[in-house]
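Join these two chains into a complex; the hints should help.
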Amino acid sequence: MTASMTIDDEEEPPLLVDVEGEGDPDSEEPPVVKVPITIVTGYLGAGKTTLLNYILKAQHGKKIAVILNEFGNSADIEKTLTVNTGGEQVQEWLEVGNGCICCSVKDQGVNAIESLMDKKGAFDYILLETTGLADPGNIAPLFWVDDGLGSTIYLDGIVTLIDAKNIIKSLDEPAQDTIPTEGHDEHEGHEGPLMTTAHLQISHADVIVLNKSDLVTQEELQAVRERVQAINGLAKIHVTQQGQVPNLEGFLLDLHAYENVESLDVAHKGHSHLDPSITTITIQVPVLEAEQLPALDEWLRSILWDSTLPSSDSTVANIQAESHEIHRLKARIPLSNGDVKIVQGVRDIFEIRDAPSGSSTSSEGKIVIIGKRLLGKSFKESLLSMIRR
Amino acid sequence: MTETPPAKRKCSGSDCDNDAGTLQCPTCLKLGMKESYFCSQDCFKKNWSTHKAAHKSQSSFLSNIFTPNVVSKPDPDTGTYNPFPTFPYTGALRPVYPLSERRVVPKLIPYPEYWKDGVPHSEMTFVGRTKIEILDEKKREGMRKVCRLAREVLDIAARAAVPGVTTDYIDEIVHKACVERDSYPSPLNYSNFPKSVCTSVNEVICHGIPDQRVLVDGDILNIDVTLYHGGFHGDLNETYYIGDKAKANPDAVRVVEAARESLDLAIKLVKPGGLFREYGNVIEKHAKSKKCSVIRTYCGHGINSMFHCSPSIPHYAKNKAVGAAKEGMCFTIEPMIALGTYRDKTWPDDWTSVTQDGKMTAQFEHTLLVTKDGVEVLTARLPDSPGGPIPMPSSEEKKPEVNGEATPQ
Numbered sequence: 001m002t003a004s005m006t007i008d009d010e011e012e013p014p015l016l017v018d019v020e021g022e023g024d025p026d027s028e029e030p031p032v033v034k035v036p037i038t039i040v041t042g043y044l045g046a047g048k049t050t051l052l053n054y055i056l057k058a059q060h061g062k063k064i065a066v067i068l069n070e071f072g073n074s075a076d077i078e079k080t081l082t083v084n085t086g087g088e089q090v091q092e093w094l095e096v097g098n099g100c101i102c103c104s105v106k107d108q109g110v111n112a113i114e115s116l117m118d119k120k121g122a123f124d125y126i127l128l129e130t131t132g133l134a135d136p137g138n139i140a141p142l143f144w145v146d147d148g149l150g151s152t153i154y155l156d157g158i159v160t161l162i163d164a165k166n167i168i169k170s171l172d173e174p175a176q177d178t179i180p181t182e183g184h185d186e187h188e189g190h191e192g193p194l195m196t197t198a199h200l201q202i203s204h205a206d207v208i209v210l211n212k213s214d215l216v217t218q219e220e221l222q223a224v225r226e227r228v229q230a231i232n233g234l235a236k237i238h239v240t241q242q243g244q245v246p247n248l249e250g251f252l253l254d255l256h257a258y259e260n261v262e263s264l265d266v267a268h269k270g271h272s273h274l275d276p277s278i279t280t281i282t283i284q285v286p287v288l289e290a291e292q293l294p295a296l297d298e299w300l301r302s303i304l305w306d307s308t309l310p311s312s313d314s315t316v317a318n319i320q321a322e323s324h325e326i327h328r329l330k331a332r333i334p335l336s337n338g339d340v341k342i343v344q345g346v347r348d349i350f351e352i353r354d355a356p357s358g359s360s361t362s363s364e365g366k367i368v369i370i371g372k373r374l375l376g377k378s379f380k381e382s383l384l385s386m387i388r389r
Numbered sequence: 001m002t003e004t005p006p007a008k009r010k011c012s013g014s015d016c017d018n019d020a021g022t023l024q025c026p027t028c029l030k031l032g033m034k035e036s037y038f039c040s041q042d043c044f045k046k047n048w049s050t051h052k053a054a055h056k057s058q059s060s061f062l063s064n065i066f067t068p069n070v071v072s073k074p075d076p077d078t079g080t081y082n083p084f085p086t087f088p089y090t091g092a093l094r095p096v097y098p099l100s101e102r103r104v105v106p107k108l109i110p111y112p113e114y115w116k117d118g119v120p121h122s123e124m125t126f127v128g129r130t131k132i133e134i135l136d137e138k139k140r141e142g143m144r145k146v147c148r149l150a151r152e153v154l155d156i157a158a159r160a161a162v163p164g165v166t167t168d169y170i171d172e173i174v175h176k177a178c179v180e181r182d183s184y185p186s187p188l189n190y191s192n193f194p195k196s197v198c199t200s201v202n203e204v205i206c207h208g209i210p211d212q213r214v215l216v217d218g219d220i221l222n223i224d225v226t227l228y229h230g231g232f233h234g235d236l237n238e239t240y241y242i243g244d245k246a247k248a249n250p251d252a253v254r255v256v257e258a259a260r261e262s263l264d265l266a267i268k269l270v271k272p273g274g275l276f277r278e279y280g281n282v283i284e285k286h287a288k289s290k291k292c293s294v295i296r297t298y299c300g301h302g303i304n305s306m307f308h309c310s311p312s313i314p315h316y317a318k319n320k321a322v323g324a325a326k327e328g329m330c331f332t333i334e335p336m337i338a339l340g341t342y343r344d345k346t347w348p349d350d351w352t353s354v355t356q357d358g359k360m361t362a363q364f365e366h367t368l369l370v371t372k373d374g375v376e377v378l379t380a381r382l383p384d385s386p387g388g389p390i391p392m393p394s395s396e397e398k399k400p401e402v403n404g405e406a407t408p409q
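Chain order of the listed sequences is A and B.
Using UniProt numbering, the letters of the first sequence map in sequence onto residues 1 to 389.
Using UniProt numbering, the letters of the second sequence map in sequence onto residues 1 to 409.
Calculated from the structure, these hints are not laboratory results.
Please read these numbers as outputs of a predicted model, since none were measured by experiment.
Treat the hints loosely; a few may be bogus.
Computed cross-link-like contacts, BS3-like style, restricted to lysine-lysine with a CA-CA straight-line distance of at most 30 angstroms [as the list claims (entries may be wrong)]:
#	chain 1	residue 1	chain 2	residue 2
1	A	Lys34	A	Lys236
2	A	Lys34	B	Lys320
3	B	Lys318	A	Lys34
So here's chain B without its partners, still in its complex pose (with noise of 0.2 angstroms):
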C-alpha cells in the first residue's frame, strides 16, 4: 500500500478555508481536471450549483458522454484522421482511421457461425459456457491441424512486421495467408469485430485493431491469430520488437521476456489433475520478479468447435476458478503482462484495450491439449519461426537472464 502523506491542498469550496485531504470531484476528474480538491461531501455539496459550471466549461464534457459528430480533419497528405479527437487517450498511441474495406473470404471456405450476424451463438449457451468438452481423437487430429496452420499464419505475419508498414497490411497478409490455407480468420466479425487479426501496439494490452498507423523503429506489437479450418479454431498470439530500438529499451524487452517466460513456467504446469487457478499464481508471481504486473480483466479460454468456451483461464493469483486439467481437453493461456498499472480502459471503438497509465503491455499465447501425462503445445513455434527471446541490452545490467528456453514440447 501506498504510504505518502498527502500534500498539502486548500478546499476548492469558495470561503472555505480548509485544508482539502484527497477528496476530489469524480466529474472533474473523469474530465482531467486535476485539481478539484474538497475538504468534505457537505462542502462540495454546498457548492455544486457554481462548481458544475467548471465541468461545462470543459469542452470535452459532452464528448464523454455523446459519440462526438466532429471528428478530426483527416490530414490533408493521408487522408487519415483520428475517430475520436476528444477521448481522453492514456498514451501517445491514437487510431489512424479510415479502416479499410471489410475483406472477403472465399465462398469455398467453410465460415463460422458468427460469420453474418456477428452472433456466436453456441458460444452463449448454458453448455457453452459452463461443460468443458473432451476432445476424441478425430477431434484433436482437427485441433492439432488448425494450430499448426496458424502458426504459420502467425510467423509470415511476423516477418512482415518491420518499421514502415501499417498494422492493416499484417491484416492483409494474415487475411492472405489464411484464404491460401482454406481457413476463415476467426476474428472477422467474431462480435462485431471488423478485421481478420488483432494488431495490439506498446499500450495496447489485445484486441487493437488493424488501422493505417505505422510500425516505427521502438515499437512492440502483439499480432493474435485465430484461424477457423475443419471445423476447429486454433488461437495464438506472440509479441515482437520492431526494428533495433526496441531490442535495445530495458523496459521494453524486460516486460515482452516477462510474458514470455510466464506462459513457459504456466504450461509446465498444465497436466491431468492440474488446477486451472495455480496458472495466475505462477504468472502473477514471475511478473512481480521482473518488477511488472498482470492484467486482470481478461483471461484464456477453452478452444475447439468454439472461438472461445469454457474453461476461463484467469492469469492473476489466488483465483476461485473451478476445475482441475483433464485428458483431451482444448485451452488457451494468454498472459498479459504490464510495464506499469494492470488496470484497463476501452476507446471508444469497444475493442482496444489499454493500460490506464499508458506503458508498455505485453502477452504470448498458446493452445494447449492436455495429454495422458502432460501437456501438447499445438502452437508451439517451429524451428524458423520468428521471434524468440532476446537478453536484456547489455547496458542495463549485467544480471544473466533466464533464457534460451524453448517453449516446452
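Chain A on its own, in the form it takes in the complex (with noise of 0.2 angstroms):
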C-alpha cells in the first residue's frame, strides 16, 4: 500500500530458503530459522544512535534491520524501518494489518517484522532503538514469543546505554517525565525513593554499555558501575567510548539471553543498598525433587502474578509489607534425578523449561530475582516453605 515497497530491480538477492521438511503438513515443527532481535534503550544523549550507526558501519556482509521509534505503545503503528545490507541502508515501511488486536496472540510489531522478511528475506540480526524514556518491561514480553507460534524473529535479549556523565543524577533527581506511569504501583500513597525510567532500563537489561566513560574520572566511573550493579547484579557491563565496542557478537548481539541460564554469577553481593529503589537478590535453593516442581510454579505464580510472597503462618506477614515488583527473574534448578530446570521472567510472564542437555550440573540451585521492595522480605524461607509442604 505504501509507496516505498518498489519492485528489487536492482537490488541483492534474497537468501535462499531451506525448504526441507516441506510436504507433511502434519510434522510439528518446520524448521524455522529464526532471527534475533535485540532491544536498545538508553536516555537521549546515551548514544544509541551512535551505537547504532557504529554497527551498522561495522557490520559488512550482514544485513541488519534497525527499527526505530518507539514500538509496542500504541496501536497505531505504521513505522519504518531501516535496513543494512552490505553497507547500503535502505528506509521500509513495516506494514500492519488490520486492528484487530484482541483476538490475535502476536504483537502487530512482530507480525509486521515477519511479512517484511517475508518480501525481503530474512535479516541476520533486528535492532529495535526504543524512544529515550521507553519501559523495556512493556517491550520485551511483546517479543518473547511462545515457542509454539512458530515466529521467525526470537527476543535476543535488552542491551542499556548509560551515559557515565549523568546517569547518577538520573537515579537520584529524576525528571518528572522520567517517573513511569503506566503499569507502575507509584501513586497508591506510596511514599519512598522515586523509580525513574532510567532504573527500568537498567533493572531489565541483560548486557549494560557504560558510554561516555572519557567524560568522568577513573573513581567516578567506579561509583558508577556499582551502583549500576548493585540494581541489576546479573547485567554484563562494558566500558566504551563514543558507542564503540569491539565485539559485536556476544556482546551486543548473540545474547540468547532468554534462553539458557548458566552460572547466574552476580556482582558484588556488598552493595545491594546502594540504590534505593531497586535491588538483586539471590536465592539458594537445594537440590529439588521433580515432584517439587509444581510447588516452585505456585511459588513463582504468587510472587510474579499477584505480587504475593507466600508465608507459611498466611496471616499477617504479606499483608503488612508493601508488595513487591519483579522486573527480571533467572533460575537454575537441578533435580534429584539428575535433570536441570531453568526458569526465565520477565515482569508477570515466566517459563520453566528444561536446560539444553550438556549443560554443567551442581550440587546446588539458584534464583536471582531483579525488582523492586524485595529487601527485608523473606523470599528464601518462603519458598522452602512452599516446597516442603
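Take a look at the structure:
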C-alpha cells in the first residue's frame, strides 16, 4: 500500500530458504530460521544512535535491520525501519494489518517484521531502538513469543546504554517526565525512593554499556559501576567511548539472554543497598525432587502474577509489607534425577523449561530476582516452606 | 520432525553441475514456482541477474505486491466476480463479490463505540489490554441476557444454513434477528469488518466475510455471532455440516467433532484458580489424539462491555499466558482445529484467514462466566438448538466415538 514497496529490481538477491521438511503438513515444527531481535534502550544523549550507526558500519556482509521510534506503546504503528545490506541503508515501511488486536496472540509489530522478512528475505539481526523514555519491561514481552507460534524472530536480549556522566543524577534527581506511570504502582500513597525510567532500563537489561567513560574520572566511573551493579547484578557491563565496541557477537548480538541460564554470578553482593529503589537478590535453592516442581511453579505464580510472597503462617506477614515488583527473574534448578530446569521471567511472564542437555550440573540451585522492594523480605523461607509442604 | 531424504535435484545455476540440496529462491517460492533449487547462496548470487528475470515473466509477480487494478470479468449470468483473481489461494474456495450493501441498524438500538469510525477505542487503552474486569451481579445479569440472545440468533442462522443459500443470506438472517432483539450485530464495522456475522467455509479458519458464495452439500460452515445489547457483548460460534455429504465425510466429521470436544474439555477446567495457560494443553492434546492440529494465531478473549479485552486465551500447548480465572470474569474459549497444517494465511480482504494447505478447519466458541465454584456457559445450547455432535460415518471405523456429551451446564 505504501509507495516505498518498490520492486526489487536492482536489489541484492534474497537469502535462499531451506525447504526441507516441506510436504508433511502434520509435522509439528517445520524448521524455521529464527532471527534474533535486540532491544536497545537508554536516555536521550546516552549514545544509542551513535552505537547503532557504528554497528551498521562495522558489520559489512550482515543484513541488519534497525527499527527506530517507539514501539509497542500504541496500536497505530506504521513505522519505518532501516535495513542495512552490504553497507547500504534502505528505508522500509512496516505494514501493519487490520487493527484487530485482541483476537490475535502475536503483537502487530512482530507480524509486521515477519511479513517484511517474507518479502525481502531474512535479516541476520534486528535491533530495536526505543525512545529515550521507553520502559523495556513493556516491550520485551511482545517479542518473547511463545515457541508454539512458530515466529521467525526471537528476543535475544535487552541492551541499555548509560551516559556515565549523567546517570547518577538521573537516578537520584529525576525529571518529572522520567517517572513512569503505566503499569507501576507508585500512586497508591506509597512514599519511598522514586523509581525512574533509568532504573527500569537498568533493571531489565541483559547488557549495560557504560558510555562516555572518557568524560568522567576513574573514581566516578567506579561509583557508576557499583551503583548500576547494585540495581542489576546480573547484567554484563561494558565500558566504552563514543559507542565503539570491539566485538559485537556475544556482546550486543547473540546474547541468547532468554534461553539458557548458566552460572548466574551476581556481582558485588555487598553493595545491594546502594540504590534505594531497585535491587538484585539471590536465593540458594537445594536440589529439588521432580515432584516439587509444581510447588515451585505455584510459588513463582504467586510472586510474579500476584506480587505476593506466600508465607508459612499465611496470616498477617505478607499483608502488612508493601508488595514487591519484579522486573527480571532467572533461575537454574537441578533436580535429584539429574535433570536441570531453568526459569526465565520478565515482569509477570515466566517459563520453566529444561536446560539444554550437556549443560553443567551443580549441587545447588539458584534464583536471581531483580526488582523493587525486595529487601527485608524472606523470599528464601517462603520458597522453602512452599516446596516442603 | 520429518526424516524424508531430499530427492536429487540439480542446481539451477547456469554452468553449475552440483546437486542442489533443499535451498530454494524465496521469491520463486512466493510465486509458486517450485523448481528453483540452488546449491549455495554464492551460486545463487552469481546467477541473480539472470535468475530474477524469471520472476518478471511470472505475471502474478506484480499483483503480489500491488493490489490488482484488474479484476476478473463478472460472470455474465450472475454478475459475480473474484476480486483478487491473481491471489494464490490455498484451497478451492474463492470470494464471490460483490458484497451486498452495508446493512443498517435502526437508530433506536444503542451502537457500540466503533460503529462509525471502526475503531474500538476503549479496547486499545492500557487498562483494556491488561486488567481483567470482575463483573458485579448486575453486569453478570447483562452478560446472561446478551449471551442468551446471541444463542437464539445463532440457532436461527444455523437453521437457515442449507445447500443452495449464500453466506450473504445468512448475514441477512443474522442481521434481522439481531435487530428484532434490540441488538447491534457486534462484528459490523468492528475494525471495519463489513458484515454482521463471520461465515467461515471449509478451509476458512475464521473471519470469513459473508458474500455471494452458495453453500453446497458437503461444506462445513462456521457461523460466528456476536450481539451488543444493554451495553454488553455476547459471542459464540459453532460449525455445522451442510447437507448429508458433509456428515458422510470422515475427515469433516473428524475435524468438526475434535473441535467441539476440545472446547468441552477446556471448559471443564474453568473455575476459580484455574490457569489460563492450561486450556491450550488439553485442547492440543485432544486435537492430536484425533490427528488434527491447533491454529495458533487466534485466541480466546475477555468479553464484557468490550468486544475483545484481556485475558487472551491461547489454544495451543505450552503457552506462557499469565493469570488464573476468578469469580466474575467473562471470557471466551474458541479453539480452531485443522485437519492439516496449523499455519494460516490471510486473504487480501485483510480478514479471511485460511489454512496454508487449504484443508478444512472447524471451530466452536462459548462465552463463559466464572462462578464461585465453576463456570456458567452463558451461550449454552438450548434443548432445540440445531447442530450438535454426530458419530463418525460407519464405513470409516467401528470405534465408538465418545460423544452425546452435552455442553457442560
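To see whether the hints hold, each was checked on the structure:
no., hint, verdict
1, A:Lys34 x A:Lys236, "holds, 24 angstroms"
2, A:Lys34 x B:Lys320, "holds, 19 angstroms"
3, B:Lys318 x A:Lys34, "holds, 19 angstroms"
Going down the numbered hints, you'll see the structure goes against none, and every one checks out.
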